[in-house]
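Participant: Read off the chains here:
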Amino acid sequence: MVVFNNWQFIGLVLLTGLSFVRSSIDADEATIAVASNFSAAAQQLAADFENKSGHKVNLVFGSSGRFYAQISNAAPFDVFLSADQQKPLALVENELAIKDSLFTYARGALVLWSADSEKVNNSADVLRSNSFNKIAIANPRLAPYGIAANEVIERLGLSNDLSKKMVLGENIVQTYQFVATENAELGLVAYSQVFFTGQLSAGSVWIVPEELYDPIRQDAVLLNRGQSNKAASAFLEFVKSPEGETTIQSFGYRTGEP
Amino acid sequence: MFSEGDVTAIFLTLRLATTVTLILLVLGAPLAWWLARTNSRLKGPIGALVALPLVLPPTVLGFYLLLTLGPNGPIGQVTQSLDLGTLAFSYSGLVIGSVLYSLPFVVQPLQNAFEAIGDRPLEVAATLGATPIDRYFSIAIPMAKPGFFTAAILGFAHTVGEFGVVLMIGGNIPGETRVVSVQIYDHVEALAYDEANRLALLMIVFSFLVLLSVYGFRKKSQRQILSFGS
Chain A
1 MVVFNNWQFI GLVLLTGLSF VRSSIDADEA TIAVASNFSA AAQQLAADFE
51 NKSGHKVNLV FGSSGRFYAQ ISNAAPFDVF LSADQQKPLA LVENELAIKD
101 SLFTYARGAL VLWSADSEKV NNSADVLRSN SFNKIAIANP RLAPYGIAAN
151 EVIERLGLSN DLSKKMVLGE NIVQTYQFVA TENAELGLVA YSQVFFTGQL
201 SAGSVWIVPE ELYDPIRQDA VLLNRGQSNK AASAFLEFVK SPEGETTIQS
251 FGYRTGEP
Chain B
1 MFSEGDVTAI FLTLRLATTV TLILLVLGAP LAWWLARTNS RLKGPIGALV
51 ALPLVLPPTV LGFYLLLTLG PNGPIGQVTQ SLDLGTLAFS YSGLVIGSVL
101 YSLPFVVQPL QNAFEAIGDR PLEVAATLGA TPIDRYFSIA IPMAKPGFFT
151 AAILGFAHTV GEFGVVLMIG GNIPGETRVV SVQIYDHVEA LAYDEANRLA
201 LLMIVFSFLV LLSVYGFRKK SQRQILSFGS
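For the protein sequence lines, the chains are A and B, in the order given. Quick note, the first sequence lines up with residues 1 to 258 if you use full-length UniProt numbering. Quick note, the second sequence lines up with residues 1 to 230 if you use full-length UniProt numbering.
Honestly, I wouldn't trust all of these hints.
Covered by chain B, according to a simulated footprint, are these stretches of chain A (three or more residues, beta-carbon under 8 Å) [to be verified]: (1) 61-73; (2) 133-139; (3) 169-177; (4) 180-194.
Not close to chain A: a few residues of chain B, all C-beta gaps over 12 Å, as computed [stated by the list, open to error]: (5) Leu-22; (6) Val-26; (7) Gly-47; (8) Leu-61; (9) Ser-81; (10) Met-203; (11) Phe-217; (12) Lys-219.
Just so you know, these hints were derived from the structure itself, not from any lab. All C-beta atoms in this analysis are idealised placements derived from N, C-alpha and C, irrespective of residue type, glycine included.
The following block holds chain A by itself, in its conformation from the complex (with noise of 0.2 Å):
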């Protein structure tokens, strides 16, 4: 057994003490809150910071609308990866989030997918036809997806023949399940949930052109508890850097000015 004496046990208090002042200049730790549409990515966008960085990131998934609701409430959030601009910007008003920090991280491009590998001929004829039971979307009132799907299907002129074949998600995650589950034959869902590396995962698919609906830009903001956070500052900037846009647009989502 080894045996310290007096000063021997102080020294080792300190080293120890030190030990942990050294690690808390060095590396913070930041919680992060992000729309669950962006999940993959953002845990493969972790990684790679905590790798570089030495800091600890925490990633926290749900809806938008429920973070906004949580943040408002003095949530422990450092940072929040929303997947519309409305929110962000909402709590930038309230004074909950710094303004300078706001930025766009990703754009989302919406397709319309089907998991039967025959339903969608690369174009929107299908949706012409009457050839499918549901169309799942996101309910327009809550998601970013949503609302695109919705002017995709008014600029095709279809929102009379679709409306009663029409059921709502929650968000994209859930819009994404109807018609994985096949419930819903069809459904306009992210691109960065069918494609993987550029490959389309399964199912048949028509990526919609972009002129058919408003860009769908995913805001990110630092929020007031993660001020002084260097974890969250850092995080945000590797978001914002090559490395971070190389991987989230390998998820499927478009960076940069459209």
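Since chain A is already given, all that's left is putting chain B on it; use the hints.
Facilitator: Below, chain B without anything else, positioned relative to chain A:
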């Protein structure tokens, strides 16, 4: 005070809860009777199955319903072969989900009520020549009346309060699957806190009154039982 959408949701919820309660009373009573009287080795497993929705997260139930009701699931295959299409995103699908979800809230009070009758009245009826079916309809059901009351109220209230299952299989269709709890969720998510508040308050008042009536009734019926004894 309430928007048109809210009113539609309120009436849909009441309609759903009424339908589900009636179905559950009809199906749940024989099941509860069997559970109360049987010595079968299946009593434990069946009782546990009935109680499962009490402990399972509604999302689990909803997720499996989505899979079983879907075109490749067992129920989906049956409904498709009957030309009914699939049941997700429909009122009928919601009824099925709610019946499963609220099952223990109806079966358990009924089972307790049937067990409380004891063997004696039934044995007496049997010696007087009552068949098992006779005994069920003319002894068990009338004697278990307080149990039926509690079961109906709890089944109804629990269906009104249902959220997770509906969210998973509903598809949020106005007048068809958009019930009050989903409407509240949507209001909150859309940051429409005033609308959310009004509906939520209505739910609290409703739930309180329901529970008050159950507890009030229990007290009364206990007094009656006591007065029989003394």
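Participant: Against each hint, give a clear statement of whether it holds in the structure.
Facilitator: Each hint tested on the structure:
Here's how the stretch 61-73 of chain A fares: 5 of its residues keep a CB closer than 8 Å to some CB of chain B, so the rule of at least three is met and the hint holds. Restraint check on the stretch 133-139 of chain A versus chain B: 4 residues with Cβ-Cβ distances below 8 Å, three needed, restraint holds. Check on the stretch 169-177 of chain A: 4 of its residues sit with their Cβ under 8 Å from a Cβ of chain B, so the three-residue criterion for coverage holds. A stretch counts as covered by a chain when three or more of its residues have a beta carbon under 8 Å from one of that chain; for the stretch 180-194 of chain A and chain B the count is 4, and the coverage holds.
The beta carbon of Leu-22 (chain B) is kept farther than 12 Å from every beta carbon of chain A, the shortest such distance being approximately 27 Å. Listed as outside the interface, Val-26 (chain B) is consistent with that label: its C-beta sits roughly 28 Å from the nearest C-beta of chain A, beyond the 12 Å cut-off. Once the 12 Å rule is applied to beta carbons, Gly-47 (chain B) is consistent with being away from chain A; the minimum gap is 31 Å. With a least CB separation of 15 Å from chain A, Leu-61 (chain B) remains clear of the 12 Å interface cut-off, as annotated.
With a cut of 12 Å on Cβ distances, Ser-81 (chain B) stays outside the contact zone with chain A, its closest approach being about 15 Å. The Cβ of Met-203 (chain B) lies farther than 12 Å from every Cβ of chain A, with a closest approach of about 18 Å, so its non-interface assignment holds. Every CB of chain A lies more than 12 Å from the CB of Phe-217 (chain B), the least distance being 37 Å, so the non-interface label holds. The non-interface label for Lys-219 (chain B) is consistent with chain A: the shortest C-beta to C-beta separation is roughly 39 Å, beyond 12 Å.
Checked against the numbered hints given earlier, this structure breaks none of them.
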